[in-house]
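J.: Each chain, letter by letter, is given below.
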Amino acid sequence: MKRIGLYIHIPFCLQKCAYCDFYSIPGRDEALQKRYINALTLHMKTLSATMGDRVFDTVYIGGGTPGLLSVEMLTTLMNGIKDNFKLTEDAEITLETNPAVADEAKFRVMRGLGINRLSMGMQSSEQAVLKTLGRLHTFHQFAETFGEARRAGFDNLSADVMYALPRQTLKGLLETLRLLIALSPEHISMYGLKVEENTPFGRMGERLTLPDEDTQCEMYERAYELLEESGYHRYEISNFARSGYESRHNLRYWRREEYLGLGPASHSFVDGVRYSYPRSIEDYITALEQGRLPEVDSHVTLTPAEAKDEEIMLGLRLSDGIVINDDLIEKCKNYLRYGFMERKGNRIAFTTKGFLVSNTILADLLE
Amino acid sequence: MTNQKNIRNFSIIAHIDHGKSTLADRLLEKTQTVSKREMEEQLLDNMDLERERGITIKARAVKLDYAAPDGEQYTLNLIDTPGHVDFGYEVSRSLNACEGALLVIDASQGIEAQTLANAYLAVDSNLEIVPVINKIDLPSADVERCRREVEDIIGIPAEGCPAVSAKAGLNIEDVLEAVVRDIPAPTGDPDAPLKALIFDSYYDPYLGVVVYIRVMDGTLSAGQRIRMMHAGSEFDVVEVGTLTAFGLHKEDSLSAGEVGYITASIKTVADTQVGDTVTLADNPTDEPLPGFKKALPMVFSGVYPADGSRYSDLRDALEKLQLNDASLSFEPETSAALGFGFRCGFLGLLHMEIIQERIEREFNLDIITTAPSVIYKITRRDGEVVYIDNPTGYPSPDEIEEAAEPMIHANIITPVEFVGGIMDLCQDRRGVFMDMKYLDTTRTELHYEMPLNEIIYDFFDALKSRSKGYASLDYEFSEYKRSKLVKLDILLNGDIVDALSFIVHEEKAYGRARKICEKLKENIPRQLFEVPIQAAIGGKIIARETVKAMRKDVLAKCYGGDITRKKKLLEKQKEGKKKMRQLGSVQVTPEAFMAVLKMDDDD
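Top to bottom, those sequences are chains A and B.
For what it's worth, the numbering used here labels the leading residue of the first sequence as 1, then goes sequentially.
For what it's worth, the numbering used here labels the leading residue of the second sequence as 1, then goes sequentially.
Please note that the accuracy of each hint is not assured.
Result set (BS3-like, lysine-lysine): computed pairs, CA atoms no more than 27 angstroms apart in a straight line [as the list claims (entries may be wrong)]:
hint: 1; chain 1: B; residue 1: K167; chain 2: B; residue 2: K293
hint: 2; chain 1: B; residue 1: K521; chain 2: B; residue 2: K557
hint: 3; chain 1: A; residue 1: K353; chain 2: B; residue 2: K566
hint: 4; chain 1: B; residue 1: K377; chain 2: A; residue 2: K331
hint: 5; chain 1: A; residue 1: K308; chain 2: B; residue 2: K377
hint: 6; chain 1: B; residue 1: K557; chain 2: B; residue 2: K508
hint: 7; chain 1: A; residue 1: K131; chain 2: A; residue 2: K171
hint: 8; chain 1: A; residue 1: K331; chain 2: B; residue 2: K508
hint: 9; chain 1: A; residue 1: K194; chain 2: B; residue 2: K578
hint: 10; chain 1: B; residue 1: K557; chain 2: A; residue 2: K344
hint: 11; chain 1: A; residue 1: K194; chain 2: B; residue 2: K557
hint: 12; chain 1: A; residue 1: K131; chain 2: B; residue 2: K508
hint: 13; chain 1: A; residue 1: K333; chain 2: B; residue 2: K30
Taking CB as the label site, the calculated pair distances span [claimed, not checked]:
hint: 14; chain 1: B; residue 1: G538; chain 2: A; residue 2: D214; range: 56 to 64 angstroms
hint: 15; chain 1: A; residue 1: D214; chain 2: B; residue 2: T379; range: 47 to 55 angstroms
hint: 16; chain 1: B; residue 1: E575; chain 2: A; residue 2: Y224; range: 26 to 34 angstroms
hint: 17; chain 1: B; residue 1: K568; chain 2: A; residue 2: K344; range: 56 to 64 angstroms
hint: 18; chain 1: A; residue 1: L302; chain 2: B; residue 2: P332; range: 55 to 63 angstroms
hint: 19; chain 1: A; residue 1: L174; chain 2: B; residue 2: S465; range: 17 to 25 angstroms
hint: 20; chain 1: B; residue 1: R565; chain 2: A; residue 2: K45; range: 48 to 56 angstroms
hint: 21; chain 1: B; residue 1: P332; chain 2: A; residue 2: I329; range: 51 to 59 angstroms
hint: 22; chain 1: B; residue 1: D461; chain 2: A; residue 2: T352; range: 58 to 66 angstroms
hint: 23; chain 1: B; residue 1: R565; chain 2: A; residue 2: L174; range: 45 to 53 angstroms
hint: 24; chain 1: A; residue 1: I25; chain 2: B; residue 2: K568; range: 50 to 58 angstroms
Don't read these hints as lab results, they were simulated from the structure.
Small disclaimer: the values here were computed from a predicted structure and weren't measured.
Idealized CB from N, CA, C, for every residue including glycine.
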């Protein structure tokens with residue numbers, strides 16, 4: 001019996017955020033949403049037989065904003081999953097959502113469908129920052145939605161915040177985190193802004209003023225300290241959790257465990273092969289409606305050397321790091337000496353200082 | 001064989017861009033040596049680099065058959081000369097192969113520094129000078145002014161000299177007529193012992209070295225054994241002949257007055273030095289022709305492959321270039337910073353740039369060059385005199401009794417409005433003003449004595465920028481002079497980078513040190529640790545900058561299991577890293593070396 005995770009991409013949101021380059025379609029085209037959910041169901045039906053004795057112990061419904069799907073659509077989707085794939089008893093089933101797209105009643109339905117973890121986009125508590133990001137909600141709405149989820153019975157809640165944002169100060173970030181900690185989520189993700197080319201931020205070029213490098217570093221370091229003090233341990237470069245609430249699905253990615261991705265722009269890693277579907281919902285739906293499998297965008301069978309590189313690149317995102325060998329010890333000698341990395345028993349891992357320059361070091365370590 | 005009285009041997013001399021090559025093209029066309037259809041633009045300059053720079057690097061010669069209006073058939077040997085100061089000696093040898101020279105002057109520019117320098121060379125070689133005023137089709141052409149300048153400045157009659165447009169093909173017959181009328185036929189005894197001047201040579205993979213000669217006395221034919229009088233080597237002549245526009249044309253013999261080539265299975269151009277005298281081994285002439293000098297490099301620089309593994313490719317490239325260029329010298333050199341490379345000697349800055357460019361272009365090699373150096377003459381405390389062309393070998397201050405550096409005489413011609421700026425520049429480069437002459441109401445000639453090491457960096461560029469491109473420069477070596485020199489070392493993260501060391505005058509050390517540190521700071525990417533950049537004389541730090549440590553370089557987003565992005569990013573980063581040079585613990589882009597070389601005082 002093999003364990004695997006399931007990722008389902010829901011490429012719908014109310015409005016694109018200024019930094020986001022994930023594949024998603026803004027607006028409320030319910031007809032398209034419906035066709036898409038049906039296509040997903042068809043896809044799952046076709047793949048069901050190919051999964052052999054694999055059991056799914058994590059499901060991640062990401063996006064986009066899957067929380068904006070109607071109760072009916074969510075039901076169809078969850079039934080499709082349960083009908084076609086074997087889920088373990090204790091499967092972690094996460095759904096991403098944003099403030100003000102779902103209320104307590106909808107959360108109750110979700111809970112009833114078996115969804116047991118929510119990941120909510122908070123990003124910041126500062127109104128000016130939220131506005132710059134193109135977020136549609138206020139902090140107040142976030143806190144309200146968070147409370148509704150709790151009342152609906154969710155005991156595993158995660159929130160996303162961002163740092164290194166335009167108009168953000170160190171003080172503002174720490175305030176955001178304090179307010180969030182007060183709500184007592186089980187899990188917190190904190191991502192640094194990366195300005196991507198084909199986004200409104202990317203198009204602003206030089207006009208986009210970000211905190212300087214020193215401030216960005218201080219943001220990460222101080223946030224890390226605050227979160228650790230508050231009982232959230234960093235288990236991955238960007239992820240913090242109360243003990244026992246680490247995201248099992250995301251850990252699959254870093255541990256190079258299998259996952260099946262469905263939907264346009266989704267990625268899969270099955271049987272040592274990495275592949276993805278193109279960023280086109282139309283192509284995806286049309287193929288399945290016509291009884292074909294959607295075409296695959298890239299299809300790479302990893303060589304042993306590539307697999308080894310991946311182990312380093314992905315494993316070093318984890319606070320536990322990777323198992324060390326003589327070759328690695330030699331290569332990391334100076335990083336260890338100057339405090340970019342540390343030994344943890346038979347493993348080696350980045351320190352906070354190392355995480356901040358991890359690209360430079362990884363580029364050096366990879367073959 | 002042409003009757004000696006119907007031979008004319010001549011050169012064309014001109015300032016750069018005054019239209020020498022175009023005029024040569026027209027002469028070829030007019031004498032139907034090359035038909036218009038066959039005419040490739042500027043046939044004489046057939047190296048790519050020459051065309052781009054508009055200069056002739058190596059001398060060429062070509063035979064023109066001219067049927068004059070008087071009914072006589074003439075053989076005109078046109079000997080092309082390099083047009084740059086770095087090649088002054090080659091120019092003088094080419095001129096010695098002639099009886100006359102066409103002095104081409106741009107009608108809109110008038111006489112310039114190289115016009116004058118070359119005219120003096122021609123006068124020194126006792127040549128008959130025929131002024132040719134070119135570009136008369138330009139709206140700004142002033143033919144009368146040019147005639148006056150020629151008479152006043154050079155002191156030769158210009159009344160009735162040809163006024164032409166080589167570009168438009170105007171009055172080209174006048175030039176041919178003037179050549180026949182004004183330039184004397186060669187003299188020389190065909191029956192005397194052989195005396196022939198080598199004015200150029202090149203290596204051909206099939207023929208060996210092809211030697212260009214002008215026969216002064218005697219007669220030479222295939223099968224004879226020849227001796228190079230200065231080199232001392234002997235060869236059996238395989239072939240003799242004349243130089244046509246389309247290549248070598250075999251002849252039975254070459255006689256006094258004629259210009260042509262010899263092949264003799266010669267393996268290297270080092271055996272056929274320009275200026276050497278060829279004579280017969282069994283019937284030698286008593287005295288070689290005067291004026292032979294071994295071509296001596298004046299400027300030295302380290303040349304390293306950007307990719308260390310291509311060291312042997314670089315050696316091959318240099319060996320191939322040297323086959324055709326005896327003035328290029330190189331020997332292996334090792335740098336702690338740059339690895340294995342070569343110390344190369346060049347005639348001058350232009351020569352250096354040309355060689356570097358040809359290595360990159362013709363051999364597809366990326367190279368890193370160190371700051372050019374001149375040869376310093378050091379008298380040690382123990383009385384020993386040493387010549388140092390590499391800062392790495394410079395003795396420590398307490399071992400030096402006296403240091404001397406090579407000086408040059410610079411001759412600068414500029415429109416009067418730029419004189420002030422140029423005098424400031426020369427002053428700044430430690431120039432000693434000698435005199436100044438007004439060539440006419442608009443132009444001035446300045447004479448300075450300057451240290452060669454002040455002009456090898458960017459003097460020419462600075463001169464051009466201060467004169468909007470109008471000033472021209474010519475220089476020649478004068479003597480070694482005692483000087484207060486110091487060796488400036490650059491330290492990265494506390495370690496001396498040998499490839500960045502250079503010799504500088506004491507007074508300029510602080511300024512240069514500061515500037516280099518600033519430049520390096522701009523060109524050293526941030527590293528994981530702070531990198532101090534220091535400049536030091538002996539053990540004393542005189543300038544310092546710091547490259548702050550990189551603190552943030554991370555991509556930690558989670559893209560729903562999409563790891564290809566991050567992979568690509570890291571691969572790109574890895575590629576970028578490969579291009580860097582590891583200097584001790586510090587990584588430096590190859591551009592950093594260039595930035596140090598291209599220091600511009602005006603910025």
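J.: If you test the structure against every hint from before, which numbers come out violated?
T.: 1, 2, 4, 5, 6, 8, 12, 13, 14, 17, 18, 19, 20, 21, 22, 23, 24
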